[in-house]
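Q: Each chain, written out:
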Amino acid sequence: MHSICSQATAVPRSNFAFDSHAPALPISKPINLRFCGLRKEAFGFSGLTHSCSSRVRFTSRGHSKRISASAENNGTPPKSFDYDLIIIGAGVGGHGAALHAVEKGLKTAIIEGDVVGGTCVNRGCVPSKALLAVSGKMRELQSEHHMKALGLQVSAAGYDRQGVADHANNLASKIRSNLTNSMKALGVDILTGFGTVVGPQKVKYGKVGFPDNIVTAKDIIIATGSVPFVPKGIEVDGKTVITSDHALKLESVPDWIAIVGSGYIGLEFSDVYTALGSEVTFIEALDQLMPGFDPEIGKLAQRVLINPRKIDYHTGVFATKITPAKDGKPVTIELIDAKTKEPKDTLEVDAALIATGRAPFTNGLGLENINVETQRGFVPVDERMQVIDANGNLVPHLYCIGDANGKMMLAHAASAQGISVVEQVTGRDHVLNHLSIPAACFTHPEISMVGLTEPQAREKAEKEGFEVSVAKTSFKANTKALAENEGEGLAKLIYRPDNGEILGVHIFGLHAADLIHEASNAIALGTRIQDIKFAVHAHPTLSEVLDELFKSAKVKATTSSHVPVSEPVAV
Amino acid sequence: MANVLQTSFLPSTSSLRRTSISGSKGKSQALQLKAKIREIFMPALSSTMTEGKIVSWMKSEGDKLSKGESVVVVESDKADMDVESFHEGFLAAIMVEEGGVAPVGSAIALLAETEDEIAEAKAKSQSSSSSSHKVVEEQPKQIEETAPDVPAAAAPTVSASKTVALGSAAHPASDGGKRIVASPYAKKLAKELKVDLGTMAGTGPNGRIVAKDVEAAAAAGIVAASPAKPAPVAPGIELGTVVPFTTMQGAVSRNMVESLSVPTFRVGYTITTNALDALYKKIKSKGVTMTALLAKATALALAQHPVVNSCCRDGNSFTYNGSINIAVAVAIDGGLITPVLQDADKVDIYTLSRKWKELVEKARAKQLQPHEYNTGTFTLSNLGMFGVDRFDAILPPGTGAIMAVGASQPTVVASKDGSIGMKNQMQVNVTADHRVIYGADLAAFLQTLAKIVEDPKDLTF
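If you read the protein sequences in the order shown, they are chains H and W. Its first residue numbered 1, the first sequence is counted upward by one per residue in my numbering. Its first residue numbered 572, the second sequence is counted upward by one per residue in my numbering.
Bear in mind the hints are in silico, worked out from the structure with no lab data behind them. These numbers come from a predicted model, not from an experiment. Just so you know, not all the hints are guaranteed correct.
[Unchecked claim] Straight-line Cα separation of at most 27 Å, DSSO-like style, residue types lysine-lysine; simulated pairs:
1. H/Lys326 <-> W/Lys783
2. H/Lys326 <-> W/Lys762
3. H/Lys137 <-> W/Lys759
4. W/Lys765 <-> H/Lys299
5. H/Lys299 <-> W/Lys630
6. H/Lys299 <-> W/Lys759
7. W/Lys762 <-> H/Lys299
8. W/Lys693 <-> W/Lys607
9. H/Lys472 <-> W/Lys762
10. H/Lys339 <-> W/Lys635
11. W/Lys765 <-> H/Lys329
12. W/Lys630 <-> H/Lys476
Okay, chain W solo, but in the shape it has when bound:
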């Protein structure tokens, strides 16, 4: 096999590239790389082999490779074979994922000579692969910052990992939590699902992390967690069929049922948004978004009412959160996710807007990191873009309150001075955990919020 494989790791000279498959012109061009970034080709493992399937990558992107080390397992028409590296370097980018098929001689990964070149190689591979994946990405679903949101679904992400984390005491022998005690399968799963074991505590014997803990955590962040395997998108719904939940939908379902154990109540408020609309018009060109403005206003109001930013974790105490992290529900294919604007009260509106754009892009690309979707302390849910004027949100377990925001609509308003005028008004409706947040707390909070929105100068500092 060795002499066959020798051909698989060659510097990407132009002569070789000519031999690569037809129809990959754009790809080849994008792969104009420095000599130090080498392409890893699909090797010919037998004389009759024309294409090979990647069974598994034995190394991940960024891993160091030494000469002769197995990098990838390729399935040919005859057998599964280890493909070994003939150069030292770093596996910079994987271009054909596990399960993918590539013709013999086409590039399946890039090998960078130094660590510095990884990013460069990655960029190249992305630009090259984007052309081929364009079709996939051009899905009509648009996730703008004003993305629609299903209130019920706002629940899962924030809570799952938290409730798990709270569920059990630290492992008795884990050096006070310094060491992670996880079962072999849990570790394997965590690696596969790209879930950080450090962020969870286990429910297994002696508090060890077991497979179901990882699955729960992964389900919470399934979209972000596994960029390689996007949740299957049903092209259409076949009527008369029963379709099982996806992992994410399963998590939503569990969290919704769990939410029934929390005694919630609701307080609504109507807020005039003329001033806010005017401000938005003024600074929109600077990249400020309405979501960022609303999150900022909410965060400033929460800063004055810390109890509304609190939650009840054990049924016995208030947990006053140290920072104000506004989670904003965003609907995506097959579910929803709640990217979090951290320290929204402290970050200025422009930075916050940029951050939001970044989060939405990541959410769309399914690349959110766990801390970017499960650290919210207060959730915003906005269905205004559909013309919904008011609705009711379900409180995500593990948080204290969620605010449902309706559309801002021109309304005929009678003023106290007896005049009748047209004003833009929106209705907000906050759902809160009455164990920690009482009616008067919410009322005071909403009053403050209304003041901020109606006189939004503080929003821009």
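If we strip away everything but chain H, and leave its shape as in the complex, we get:
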């Protein structure tokens, strides 16, 4: 769940360090179970490390630990606080942190100025999945060839825009109320208003026009998230020049939409829009589309997701000026060469979606009150998410997680960071291994990845002097994929042949986003290829793509001595 070791020879270790000064809290579940690994940067911080030669550690729970009262009635604190933990921002990061905090017995409050759920639930991952579910089904129904191959006959598939938009909106409301209820049920106080840090361990919040309330907490987590980033010169009118916030409401399906930026957001929207009948023009500042992906995966994805669809693209160009449509004139986009800065082209389209990334939402947080300067809006933090002030010193009791710190702008990364912080403040040192956090792009088919890309791995290998190997398997060789008539796809494993360490896994194909977790869990737990290749996968399933991938890797090291199950179990 949390961390791996990237060093070559380390015996797997726990990444939890038990601070003997702080009272340890009752462990509600064996969370240090199978955490065998320590990231490089975590070295030197751990006060106590212990090797886990046996990975089954159910019996080791609470060994040698002094269990004292929970933080709620935490001895004699210097001051009395209203809460143990206040989280500013009730997005997925704040929610994850709050739930874990309650589990750890902390009195917790969460401050939300907008709506519970944050970007992910209201204006991001969640409603976009609703739209992508529609686009996936449309694609299938529209693919006559595909249907025919399955022996199905479908007459012209159509859609009702409002119906699709409602589905996305309903899903967001549902997930939002689930989140709210789950927090209320657990006794998390939801404070409404805009939160501002007014001093150490002190936060004020309140709605505009109402008197502010001041609350104190032992620890504070900033989890204010991000907003769509709109570059200068682009005028967003919310109708014809839009951001993902507007696009998710699906108020219109333009005939021709330009998407500025070909990252996850742009790519997912291109999938939605083309399935609903739009034509798409990508505008990408870098020289190639999908710059963040492993190049080989990107290449294949371009061949499947871009080339055969009604999409064209301009790469190596900046959109310097985008004017919304008015007076019967279309949306105009002025492009300049990204390198020479010379005007290159002008486009006229029906709509433009700005998907150039996201900017941290940290204005008005009152960081100046505690001498913290943001960097391009991001709150600087160390690897434990503790906020760093302008002088480079750690700010006690103040943490920042999620998009606001910019480490890894993914909802589940924010949540993992939040859980990590709660672990810290309840007395366990914990460092999150970001290389074990999977990412996914929900196009049709999906793209997913964890760890390093091949060029990154090779660079690292060069620096640190180890060998890198790559194994690949195709979905064409997978029975389940062929049964679905979806054989297009590739899984790629980047690993160390000397010790079997998994450096990265990239998948492009049917349900790739669900398949990645076997790999990300293996990375998080430090499982080596020579061990995981013996794990059994049900047949026929898509998961066999990874099974085959692990089996096709050529590792010199032999199976580890500590096999997961040491004794045969009769059933």
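Given the structure of chain H, go ahead and fit chain W onto it with the hints provided.
A: Just chain W, lined up with the frame of chain H:
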């Protein structure tokens, strides 16, 4: 994959060629190329792979390739793989088209080191591939210059692109037409169908070119436009079945219906061809064809009657065409096309005949360029070779007149001096748009034409 692929781009040394498939002797011989022209082989992408299917060519003929760049996507028994170039150069000739299957180790394309060698490589690849494609080409349908012509079908080619072009104003922001504004799919289609976006204007919002504009233009010139995908030829007609139109037939159908909106009328004339026949006999050995002679005669007559070479585009005005371009309908498999003899009034008869031969060959090979079939200003349609003595042609939308030419037949003719004699006579019948061309115009034109044909000395200058 890389180490496997290394074998795919090797200079065509003789030792390697020996490994290529059996039964390709003639092919190998034709591929005796200079070392600088390299063959691109079907790579072995897996140990069990014996043949591979070309999924798509990522580069077109003539494209420059740099080392390591993907050229082609090959589908093996296991996966689709990009095949990368291990040399720099130009993709000179594609020998296995998309969708084609080739055994591992056989050449699928040629890579020329310099641009100059492209033509050479191309020639080699053609001579090599022609042997294999001979069967296909030996179809009995003969398209001679006197090819039969279905009058109705004369319509589509000329008009489609024109009507589209006329349909809308220039894009407001297209810099007065300097820039092409086309939707992504339209661009993609245009590339696929090899249609020039510059020659059309769009019917989409703000006058942008959208997919259906490209499809319409491509349908008009479908045969010429997609040499790679010849229109399917039905080997026989299965009775009792309903066969949907091909794209070309669809275009013909649309144009025929459209022609109903034009008020046409017809004027016929009988022309004595003895002198013309004599002239033809005399200069036939020099490669002159009857079609060229007729086109030339018509063009000279049109030069004297510019109104007959005009057309009505908007219902409000005459469009007097600047040049006299004679389109001649030619029937081909699955439809027809109208290659155009441009400036037929100015070009001499020998050049015109050569040009015609070239056009017919191109039409047969389905390689006509759009300007070679859609720029006609006056259409000729000849069914004389079937013994048809007279018929009626439908006016192709976007032009002013079409002339239907019947067979020249020995006829007993009574002369004004009271004698009865045998003369070769043919009947022509002109269909014209009465909004611009009136009866007297046609009559005068036909009279001039008859004079030229009956005294054809001007035809040879």
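Q: Sort out whether H/Lys299 lies within 27 Å of W/Lys762, counting only the CA atoms.
A: With a Cα-Cα distance of about 21 Å, the restraint between W/Lys762 and H/Lys299 holds, given a limit of 27 Å.
Q: Taken at face value, is the distance from the CA of W/Lys759 to the CA of H/Lys137 at most 27 Å?
A: The given pair, whose Cα atoms are some 24 Å apart, holds under the 27 Å limit.
Q: Taken at face value, is the distance from the CA of H/Lys329 to the CA of W/Lys765 at most 27 Å?
A: 30 Å, violated
Q: For the pair we were handed, H/Lys472 and W/Lys762, check the Cα-Cα distance against 27 Å.
A: 33 Å, violated
Q: Does the structure keep W/Lys693 and W/Lys607 at a Cα separation of 27 Å or less?
A: Holds, at roughly 13 Å.
Q: Would the pair H/Lys339 and W/Lys635 pass a check requiring their Cα atoms to be no farther apart than 27 Å?
A: Holds: H/Lys339 and W/Lys635 sit about 23 Å apart, inside 27 Å.
Q: Please verify whether H/Lys299 and W/Lys759 have alpha carbons no more than 27 Å apart.
A: Distance of about 18 Å is within 27 Å: holds.
Q: Measure nothing beyond the straight line between the CA atoms of H/Lys326 and W/Lys762; if it is 27 Å or shorter, mark the hint as holding.
A: 32 Å, violated
Q: Between W/Lys630 and H/Lys476, is the straight-line Cα distance small enough, at 27 Å or below?
A: 25 Å, holds
Q: Could you grab the alpha-carbon distance between W/Lys765 and H/Lys299 and see if it respects the 27 Å cut-off?
A: Given pair W/Lys765, H/Lys299 holds - Cα atoms ~25 Å apart, limit 27 Å.
Q: For the pair supplied as a hint, H/Lys299 and W/Lys630, confirm whether the alpha-carbon distance does not exceed 27 Å.
A: Satisfied, since the Cα-Cα distance of roughly 15 Å is no more than 27 Å.
Q: Has the given pair, H/Lys326 with W/Lys783, been kept, meaning a C-alpha gap of at most 27 Å?
A: 26 Å, holds
Hints 2, 9, 11 from the list above are not met by this structure, while the remaining hints are.
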